[in-house]
Amino acid sequence: MARQRAERRKKKTQAEYFFDYSLLLIVLFLLGFGLVMIYSASSYTAAQMFKGDAAHYLKRQLTAVILGLVAMIIVANVPYHFWERFALFAYIVAAGLIPLVKTPLGVKSHGATRWIEIPGTGFNIQPAEVAKLCMILFLAVLVCRMGKGIRTTKGFILMVLIPMPIVAEVYILTKNLSSAIIILGISVLMVFVASPDYKKFVIMGLLGVALVALVIYLVVSGSDIFAFRGNRIRSWLDPESDPTDTGFQTLQGLYAIGSGGIWGKGLGQSMQKLSFLPEAQNDMIFSIICEELGLFGAVAIIVMFVMLLWRMMVIANNAPDLFGAMLVVGVMGHIAIQAILNIAVVTNSIPNTGISLPFISYGGSSVIFLLIEIGLVLSVARRIQLKEL
Amino acid sequence: MLADSNKVFHRKKILVVFCVCTCICILLFGRLVYLMVWRADHYSRLATDLHERERSIKAARGRILDRTGTVLADNKTVCTVSVIHSQIEDPDAVIRMLTKELELSEEYVRGRVEKYTSIERIRSNVDKAVGDRIREYDLAGVKVDEDYKRYYPYGDLASKVLGFTGGDNQGIIGLEVVYDTYLEGKAGTILTVTDAKGIEIESAGERRIEPVSGLDLCISMDMNIQSYATQLALQACASKEADGVSILVMNPQNGEIYAMVSVPEFDLNDPYALPEGTDENISAEEKQNILNGIWRNACINDTYEPGSTFKIITAAAGLETGSVTKASTFSCPGYIVVDDRKIRCARVGGHGSQDFVHATMNSCNPAFITLGLRIGLDNYYQCFEKFGLKTKTGIDLPGEAGTIMHKKENMGNVELATVSFGQSFQITPIQLLTTVSSIINGGNRITPHFGMQTMDSEGNVVDSFNYPVATGIVSEETSATMREILEMVVSEGGGINGRVEGFRVGGKTATSQTLPRGSGKYISSFIGFAPADDPQVIAIAIINNPKGTYYGGLIAAPVVRQLFENILPYLGIMGYNQ
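Heads up: the sequence lines are chains C and L, in that order.
Sequential numbering of the first sequence, starting at 0, is according to numbering that gives the first Met the number 0.
Sequential numbering of the second sequence, starting at 0, is according to numbering that gives the first Met the number 0.
Among the hints, a few may not be true.
[Stated by the list, open to error] Only pairs whose alpha carbons sit at most 30 Å apart, straight line, appear in this in silico BS3-like list of lysine-lysine:
{"no.": "1", "chain 1": "L", "residue 1": "Lys11", "chain 2": "C", "residue 2": "Lys199"}
{"no.": "2", "chain 1": "C", "residue 1": "Lys107", "chain 2": "L", "residue 2": "Lys75"}
{"no.": "3", "chain 1": "C", "residue 1": "Lys101", "chain 2": "C", "residue 2": "Lys153"}
{"no.": "4", "chain 1": "L", "residue 1": "Lys196", "chain 2": "C", "residue 2": "Lys50"}
{"no.": "5", "chain 1": "L", "residue 1": "Lys142", "chain 2": "C", "residue 2": "Lys50"}
{"no.": "6", "chain 1": "L", "residue 1": "Lys75", "chain 2": "L", "residue 2": "Lys99"}
{"no.": "7", "chain 1": "C", "residue 1": "Lys147", "chain 2": "L", "residue 2": "Lys11"}
{"no.": "8", "chain 1": "L", "residue 1": "Lys114", "chain 2": "C", "residue 2": "Lys50"}
{"no.": "9", "chain 1": "L", "residue 1": "Lys114", "chain 2": "L", "residue 2": "Lys196"}
{"no.": "10", "chain 1": "L", "residue 1": "Lys99", "chain 2": "L", "residue 2": "Lys142"}
{"no.": "11", "chain 1": "C", "residue 1": "Lys58", "chain 2": "L", "residue 2": "Lys196"}
{"no.": "12", "chain 1": "L", "residue 1": "Lys389", "chain 2": "L", "residue 2": "Lys520"}
{"no.": "13", "chain 1": "L", "residue 1": "Lys11", "chain 2": "C", "residue 2": "Lys153"}
{"no.": "14", "chain 1": "L", "residue 1": "Lys520", "chain 2": "L", "residue 2": "Lys546"}
{"no.": "15", "chain 1": "L", "residue 1": "Lys11", "chain 2": "C", "residue 2": "Lys198"}
{"no.": "16", "chain 1": "L", "residue 1": "Lys389", "chain 2": "C", "residue 2": "Lys264"}
In case anyone wonders, no lab produced these hints; they're calculated from the structure.
Chain C extracted, bound-state conformation (with noise of 0.2 Å):
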């Protein structure tokens, strides 16, 4: 009786908690459809930059992704809580590596300095990516902490200001917008999560909203205060004036959109990616996707990310305590916030700013890291019990 039971309990045990194949299913889906696409997007570029050999993106992609994936296997299979206390250390890691950029560890690529090479590896990371990371980590664990004091007004300011450095940072020393701008959102919407409160909310988000309008009132009203972001706003809200200078990147992308119509040209079709479209297999791979797949192809991507964040959100629901959703609320915001402001981005609906597109735009550190990101999730998900759901 007394083994039956026990093996009862062991079957119990087995089915009771749940992993999330569903979530894993999706990533896989759009890292192997990213690896499919960037190769398209790239190869005809790649094979005259790097002397025929046109797989030279894919390759370095596929060999993040690999390292992304064990990232992933191994993160998943620690339980969350070990990272709980390496939490104050994740936050002063996030700030004192983004200053190394400017240290002759810097790389300097397409114009700005945003890489930092591994001494005797020969592999760059992005700083901003590892602080997206740690952000996520050291705000769920600081909403933990404050238990209920993050209802105070004192405590909402706390989270809102302590962001602020790395953001600051980011903008500042690497001078990247987009970066700055995403982790900001994820503070910000973990912040929203944490408290209970709507109304200050509401009133951060009409004042951003002033202030983007008044921004954009100034810039079109011919004042010169944001020259270089004028620009940029300027050529988005007519980038067909101005096709040789900021908004060349921007209307190459729309004639992708627009010649892929509705079925798209086919895989491996696209006329843009000939070296007209900068940033083919980057930061503009949306576009070549809506080029060579069509309507449909973009919006199977779209609901591929919002199933993703779905599964995120069913997983954030029910996750075992406060950590763990917060740390699935954080990633749940990364990945939304940067898919959205690609694909925004990319249709021109905002100013052009670098941002890629979660898993399927080329980038190395970004891909290890989301993937990182997704094994946390999947450790949170197979911390809940079946018999929560």
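With chain C held as given, fit chain L onto it using these hints.
For chain L alone, kept in the frame of chain C given last:
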């Protein structure tokens, strides 16, 4: 546990986050639908424009045919050699080969080959043989395209009338310019799909828009008359060591020009050749000035003082205003005093008493001055304008010069007197010929022209050109009287050297001193028409600065006589004996 009831707001908030994200995704989806469905055509078109590179295919330029159907301007196949920067594999070999075959400086070829453009033209109008040789080298990145080059079978014949074309097959001077829109045709294009660097995507194929050949232009010129007139002009020019000789032959009834010669002519197949002995180091501007001088058509681009030939106009004005009849008498003491000015007659002793017909035959200046003054400034000026002398003839050649005439309010008796015998103002030879034609053809001011019709390559007429005619310049009666008087000038008067055996010829001579007076330079001319009673052909010969004898009656009239002796039978004009 998150599921605790006091943490329910977390769930709600997460749901809010998810819903907001989903809503934004739906908005982005809407944006995509707008871009990919509504704006798809717009962006596809822009993208196609961006991806396609054009290479134009020259259209064959229309030929120019004379009235007998002889081809005066034709095309021959030549090649255009270009390089495609991105396809060149061995730039040095390409540069060496092109330098050698095209006989260009290495520096020039290197500049073109190394220039970073999608396609760079090295040289056009290369002989087909050279083009074939270059093709045989089979070097990557070198393109040889065949096209057409203008070719003039008769070299310098009617050079200033026909004109020539430039490297892009566009007319530069002459009829080639005026009828450019008919002749040029429509260039075709080869559209190839390329990447951003201009490299052709071979799998994409190419689209061709075929060129449309230009229309053939039929002109009123008669190659035989033109050749013969050219010979005569050259002879006269050589024998009189003149600066230039112009001959115009026209049908006075409708304005069709049979010949327009202005020697020296130039070689249409090599229009940029400078005269021998020209300093090679002259500036581009000086070179252009010399060339413009060579290309100048004296018959229409230059004005001159017509001299006594203009007495035809004064006579017609006199008859028309009723100021004179054939029987009116004039007396000539060898000079006439107008206001304070004494104007001499060509004949120092004077012509004595003479009737109007004889005054014209004698080309008596005092008689015509008297007539001019009798007509009066108002009437004279009115006739001058009515005859169309103040407007351009409207000939279908570029650069026709306008008349240089006194303003009416500045004209006193002296000016009126000098104008009456053809001095102190300037007109073009074509203007004089046109005006005289109108006077002798019954009073219809015709428009002198070359262009008659255009034809497609199958010989179907596409356009027929009509030219304005102003009727009633002079009355039929005046016209008949003028024909009669002018016939007398040739048969018995000063134009006797213009007489053609067996034909009734009318005409008038002129000898005018060029400005500045006293330089000893003259322009001798003779204007003649036949048959005198029903003019079918009118011709003017103008000899600019002849050496030795300079009287128009002695040197210009024989030129027209020789011309008429040959072309009248050729044109099928019957003499009175036939």
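Going straight from one Cα to the other, do Lys114 of chain L and Lys50 of chain C come out at no more than 30 Å? holds, 23 Å
For the pair supplied as a hint, Lys107 of chain C and Lys75 of chain L, is the alpha-carbon distance within the 30 Å limit? violated, 59 Å
Are Lys58 of chain C and Lys196 of chain L close enough, with their CA atoms no more than 30 Å apart? holds, 25 Å
Between Lys389 of chain L and Lys264 of chain C, does the CA-CA distance stay at or below 30 Å? Cα-Cα ~68 Å, so violated.
Can you confirm whether the C-alpha distance between Lys389 of chain L and Lys520 of chain L stays at or below 30 Å? holds, 27 Å
What's the verdict on Lys520 of chain L and Lys546 of chain L, does the C-alpha distance respect the 30 Å limit or exceed it? Distance ~9 Å between Lys520 of chain L and Lys546 of chain L Cα, so the pair holds.
Below or equal to 30 Å on CA atoms is what counts here, so check Lys142 of chain L against Lys50 of chain C. The given pair, whose Cα atoms are some 26 Å apart, holds under the 30 Å limit.
Given the hint that Lys11 of chain L pairs with Lys199 of chain C, does the C-alpha gap stay at or below 30 Å? holds, 16 Å
Hinted pair Lys75 of chain L and Lys99 of chain L, Cα distance within 30 Å: Roughly 23 Å separates the two Cα atoms, so the pair holds.
Pairwise hint evaluation, Lys11 of chain L against Lys147 of chain C, where the allowed Cα distance is 30 Å at most: holds, 17 Å
Lys11 of chain L paired with Lys153 of chain C [C-alpha distance capped at 30 Å]: holds, 23 Å
Keeping to a limit of 30 Å between CA atoms, is the pair of Lys114 of chain L and Lys196 of chain L held or broken? holds, 13 Å
Hint compliance for this structure: hints 2, 3, 16 are not met, and every other hint is.
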